[in-house]
Amino acid sequence: MLWLAGQVFFLCLVSFLAGAGITVLALRSKSEPRVEDPVTTAEAAETEDAEEPEPMVIKASKKSMRYHTPDSPYYNRVSANLTFISPEEAELAGYQAWNADKVKAPTA
Numbered sequence: 001m002l003w004l005a006g007q008v009f010f011l012c013l014v015s016f017l018a019g020a021g022i023t024v025l026a027l028r029s030k031s032e033p034r035v036e037d038p039v040t041t042a043e044a045a046e047t048e049d050a051e052e053p054e055p056m057v058i059k060a061s062k063k064s065m066r067y068h069t070p071d072s073p074y075y076n077r078v079s080a081n082l083t084f085i086s087p088e089e090a091e092l093a094g095y096q097a098w099n100a101d102k103v104k105a106p107t108a
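So in the UniProt record's numbering, spot 61 of the sequence shown is number 61, and the numbers just go up one at a time.
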């Protein structure tokens with residue numbers, strides 16, 4: 001009986017070492033990320049200028065069917081359950097601007 005327990009232990013040890021060896025070989029074969037040349041301050045300034053500004057998030061209220069831009073006094077109060085990327089998109093969905101009553105279209 002002791003002989004059988006010794007064999008089971010030996011097989012478990014061999015399988016553990018084989019798995020550890022395969023894992024080490026798999027991790028060693030992956031190439032390490034290359035370190036590129038450091039970016040100069042002039043290049044960094046150019047990349048910062050070239051980045052696009054973050055898109056404006058338009059929040060909308062389903063209850064009032066109005067959308068709020070960041071300049072709206074109610075912008076922080078409106079939950080962000082419904083958002084648009086532009087006022088035009090909100091108007092296409094049937095929402096009015098938060099100040100639609102105050103803004104009058106020019107008549108020709």
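Source of the hints: derived by calculation from the structure; they are not laboratory data.
Be aware that a few hints might be false.
Derived DEER-like restraints, expressed as beta-carbon distance ranges [stated by the list, open to error]: (1) S79 x N99: 13 to 23 angstroms; (2) A18 x P70: 52 to 62 angstroms; (3) F9 x N81: 58 to 68 angstroms; (4) L92 x P70: 36 to 46 angstroms; (5) W3 x T23: 27 to 37 angstroms.
Cβ coordinates follow ideal geometry from the N, Cα and C atoms, glycine included.
* Asked: How does the Cβ-Cβ distance of W3 and T23 compare with 27 to 37 angstroms: does it lie in that range?
  -> holds, 31 angstroms
* Range hint 36 to 46 angstroms: satisfied by the CB atoms of L92 and P70? -> violated, 20 angstroms
* To do: Just tell me: holds or violated, for the beta carbon distance of F9 and N81 against 58 to 68 angstroms?
  => Once the Cβ atoms are compared, 59 angstroms apart, the range 58 to 68 angstroms for N81 and F9 holds.
* Return holds or violated for the Cβ distance of S79 and N99 against the range 13 to 23 angstroms. => holds, 19 angstroms
* Is 52 to 62 angstroms a correct range for the gap between the Cβ atoms of A18 and P70? -> holds, 60 angstroms
Violated hint: 4 only; the structure is consistent with all others.
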